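Participant: If you count by our numbering, then the sequence shown holds residues 1 to 147, one letter each, in order.
One or more of the hints may lead you astray.
[Said to hold, decoys possible] Here are the computed distance ranges between Cβ atoms for each label pair:
| no. | residue 1 | residue 2 | range |
| --- | --- | --- | --- |
| 1 | N50 | P125 | 29 to 35 Å |
| 2 | G147 | Q102 | 22 to 28 Å |
| 3 | F144 | A124 | 18 to 24 Å |
| 4 | F144 | R26 | 26 to 32 Å |
| 5 | E103 | F144 | 18 to 24 Å |
| 6 | Q94 | L138 | 25 to 31 Å |
| 7 | G134 | K37 | 17 to 23 Å |
| 8 | F52 | I21 | 19 to 25 Å |
| 9 | A47 | S137 | 26 to 32 Å |
| 10 | W29 | Q102 | 21 to 27 Å |
Hint data in this document are derived by calculation from the structure and do not stem from the laboratory. Only a predicted model underlies this, so the values are computations on that prediction, with no experimental measurement involved. Quick reminder that beta carbons are idealized off the backbone N, C-alpha and C, glycines included.
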Amino acid sequence: MEWQVIPWTQEMLEESVDFLIDVFSREPWNETYDSRKQVEDYFRNMADNNYFVGFAGLLDGRLAALCLGMKKAWIQGMEYYIDSFSVRYDLQGQGIGSRFLQEIESRLPAWGLKGIMLTTDRTAPAFRFYEKNGMTSLEELRIFVKG
């Protein structure tokens with residue numbers, strides 16, 4: 001099997017929309033979407049951000065993993081904020097996600113990015129996945145939302 005990590009581009013939009021809907025509408029996320037356009041707009045809004053950095057993981061030329069994020073300024077320099085990280089449902093639990101994350105992490109220093117930051121639900125399998133891959137949960141932080 002041939003594994004390849006490439007920058008995400010707008011040419012991947014249609015396939016990526018299908019991919020994201022398929023992954024996140026299943027357990028454990030069970031997301032529902034008002035329309036396909038809602039997800040298309042998410043991708044377009046992300047890609048239109050001048051700090052956008054996205055990756056596609058291809059297995060035998062087929063989309064197997066997606067990572068959408070952005071460069072984020074921080075006191076200690078720029079970091080990579082992951083907004084969405086996903087692996088095709090039938091490939092989860094096979095090491096693809098870890099391999100994908102490691103490849104992304106190896107590319108960050110070339111862009112002057114000093115680390116990775118993300119949020120996830122502490123009760124979701126993703127929480128353990130990120131811990132297993134060397135990330136640390138900051139217990140003292142909380143996320144606030146309004147609206």
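Participant: Does each hint fit the structure? Answer for all of them.
Facilitator: For each hint, the structure was consulted:
1. N50 and P125 have their C-beta atoms about 33 Å apart, which keeps the hinted 29 to 35 Å range intact.
2. The hint said 22 to 28 Å for the Cβ distance between G147 and Q102, and at roughly 36 Å that hint is violated.
3. About 19 Å separates the C-beta atoms of F144 and A124, a value consistent with the hinted range of 18 to 24 Å.
4. At roughly 28 Å, the beta carbons of F144 and R26 sit within the given window of 26 to 32 Å.
5. The given range of 18 to 24 Å is broken by E103 and F144, whose C-beta atoms sit roughly 33 Å from each other.
6. Taking the beta carbon of each, Q94 and L138 are about 29 Å apart, inside 25 to 31 Å as hinted.
7. Range check, G134 to K37: Cβ separation about 37 Å, and the 17 to 23 Å hint is violated.
8. Take F52 and I21: their Cβ atoms lie about 20 Å apart, and the range 19 to 25 Å holds.
9. Between A47 and S137 the beta carbon distance is about 29 Å. The supplied range of 26 to 32 Å therefore holds.
10. At about 23 Å, the beta-carbon gap between W29 and Q102 stays in the expected band of 21 to 27 Å.
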